[in-house]
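Going by full-length UniProt numbering, the sequence shown runs without a break in its numbering and finishes at 108.
If you are wondering where the hints come from, they were derived from the structure by calculation, not from laboratory data.
Among the clues, some could well be false.
[Unchecked claim] The list that follows gives simulated cross-link-like pairs (lysine-lysine, BS3-like), each with its CA atoms no further than 30 Å apart:
(1) Lys8 - Lys41
(2) Lys90 - Lys41
(3) Lys41 - Lys68
[As the list claims (entries may be wrong)] Beta-carbon label-pair distances, calculated as ranges:
(4) Phe37 - Lys67: 17 to 27 Å
(5) Gly63 - Ala85: 18 to 28 Å
(6) Pro7 - Ala29: 28 to 38 Å
(7) Val25 - Ala80: 17 to 27 Å
(8) Arg10 - Asp30: 28 to 38 Å
(9) Lys41 - Leu13: 14 to 24 Å
Using N, Cα and C, we set each Cβ at its ideal position, and we do this for glycine too.
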Amino acid sequence: MPGARVPKDRAGLRARRHHRVRMRVRGTADRPRLVVFRSDKHIYAQLVNDDAQRTLLSVSDQGLAGKKGEKSVAVGKRVAAEAKAAGIRKVVFDRAGYQYHGRVKAVA
Numbered sequence: 001m002p003g004a005r006v007p008k009d010r011a012g013l014r015a016r017r018h019h020r021v022r023m024r025v026r027g028t029a030d031r032p033r034l035v036v037f038r039s040d041k042h043i044y045a046q047l048v049n050d051d052a053q054r055t056l057l058s059v060s061d062q063g064l065a066g067k068k069g070e071k072s073v074a075v076g077k078r079v080a081a082e083a084k085a086a087g088i089r090k091v092v093f094d095r096a097g098y099q100y101h102g103r104v105k106a107v108a
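Working from the sequences, and respecting the hints, build out all of it.
In structure tokens:
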């Protein structure tokens with residue numbers, strides 16, 4: 001992103017924030033990065049090992065019933081359960097440029 005011209009619209013500003021967050025947050029095998037992506041209708045979470053450049057697991061709210069906030073809580077619980085089953089106890093949270101509030105906070 002350095003030197004790149006990013007539009008100053010809503011998505012461009014989020015991309016700049018996401019880049020700033022990614023410069024500080026790094027996932028390892030012991031402590032993978034929990035990435036959250038929020039679309040208008042759905043929310044996705046995945047655990048990433050940045051050292052090996054591998055996605056360890058991913059979860060989405062597709063197929064779940066309820067309101068978006070309730071589904072976000074369910075996604076957080078599913079990620080926790082699958083991570084625990086895989087032997088992962090700690091993660092580094094990557095909010096992906098989103099404000100730590102609402103559905104993003106519910107996943108965490």
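Which of the listed hints are not met by the structure?
Structure breaks no hint.
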